[in-house]
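2 protein chains.
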Amino acid sequence: MTITITAFERSPDGGMGLARDTRVRWALEEVGQPYEVRYVAHSAMKEPAHLRLQPFGQIPTYEEGELVLFETGAIILHLAQHHAGLLPDDANARARAIMWMFAAVNSVEPPILELVTVKFVEGDKPWCKERMPLVADRIRHRFGQLSARMGDTEWLDGAFSAGDLMMVSVLLRTKPSGILAEFPNLAAYVARGEARDAYKRAFAAQWAVNAAKPVAS
Amino acid sequence: MTITITAFERSPDGGMGLARDTRVRWALEEVGQPYEVRYVAHSAMKEPAHLRLQPFGQIPTYEEGELVLFETGAIILHLAQHHAGLLPDDANARARAIMWMFAAVNSVEPPILELVTVKFVEGDKPWCKERMPLVADRIRHRFGQLSARMGDTEWLDGAFSAGDLMMVSVLLRTKPSGILAEFPNLAAYVARGEARDAYKRAFAAQWAVNAAKPVAS
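Respectively, the protein sequence lines represent chains A and B. FYI, the UniProt record's numbering numbers position 104 of the first sequence as 104, with every residue one higher than the one before it. FYI, the UniProt record's numbering numbers position 117 of the second sequence as 117, with every residue one higher than the one before it.
Read the hints as simulated data drawn from the structure, not as lab findings. C-beta: ideal position from N, C-alpha, C; glycine also. It is possible that some hints are incorrect.
Stated by the list, open to error - Calculated cross-link-like contacts (lysine to any residue; reagent style SDA-like; alpha-carbon spacing at most 25 Å):
1. B/K175 <-> B/A187
2. B/K125 <-> B/K200
3. A/K119 <-> B/W155
4. B/K175 <-> A/R140
5. B/K125 <-> A/V116
6. A/K125 <-> B/M150
7. A/K119 <-> B/S147
8. B/K125 <-> A/R52
9. B/K129 <-> A/L113
10. A/K125 <-> B/L18
11. B/K200 <-> B/M132
Claimed, not checked - Now the stretches of chain A that chain B is said to cover, found in silico as 3 or more residues with beta-carbon under 8 Å:
12. 13-26
13. 30-44
14. 178-191
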């Protein structure tokens, strides 16, 4: 069955690979599944046709026959459960890999999302400048805990898994701010993720669509 | 094998049931699994013994033989995958139930967590009062989208699932602020969740521990 995902017709990040379709593309490349992309214009994101697939008016979505999914984490877990390459065979190791997926989106990403809020949503507010370091420190607090847990290990728990795919994707959002570089073992971990062939193909695919276009507001 | 979870020795919410062990207790009650609780003092949360189980120094954790898990979403999904009662049999419906779990923690909960930040973490800052309505409006935006999707349906997608358990648990955090009551279908949905026998048992279990104690700072 053909797999179709949605992505921004023009990504707000201008091709930096931070839009969440990159995570799904990466997972599809890791498990070796071909896919098609339907590009959604910014003006169409909140229209009924797209909201039927994604009630929050976002990308990506995932269509495979009768199945329609949204939520990057759910899409990647679905792929990981149906194709080899993203989850270990051992039941306990599998549960831990899924645990790291949730840790990435529920424990590590929320303070990073606040950075987006402070910069873009509340960028014109008088408290923006004074608040920024507080938000950055909350990110550093989490990164310090994750850094301590990881030490010098290559991946979070044994072989590369969907947990690493998600954690690397979340962490690399903090490269532009310079925060990631403050934690050398996490920066090296992200670099290992970005060096994977599957990641490179995913990044190139979204870059080909977004790089030639002006950044959307 | 005995299941052991951790919970606050003294919950910061004084027994309102908002600490995340309530979500895991609820799941355990839905699938009919007995469990033991090890209570962790606030002072012990960041100690090495607890950090080995939970690198971010939080509760709950889950121990079952050799398996150690943290992250509420991962624990509930593990329970749902190994016991009947929280996921439908049909493969596509199962994927959608998991999708709603991720939607709860990754799309609906982040703006709610910002409410905690603005009230408790930055409560003494000069911008607190002016920022509060902006944060509340971001919650309302998400709730409006979810409310539109749900309409008058009883649960998110057919029968009650782990997706509902997680979504109800996330939504009920906004009862004290009054925001939930602004969306009557979501308020009714939360009330349906709270009316389940399994939820009542879970709530009562954490209440018995926390209700008699002064609220921790």
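Could you tell me which of the numbered hints above are not met by this structure, giving the numbers in increasing order? Result: hints 2, 3, 4, 6, 7, 8, 10, 11, 12, 13, 14 break, sorted rising.
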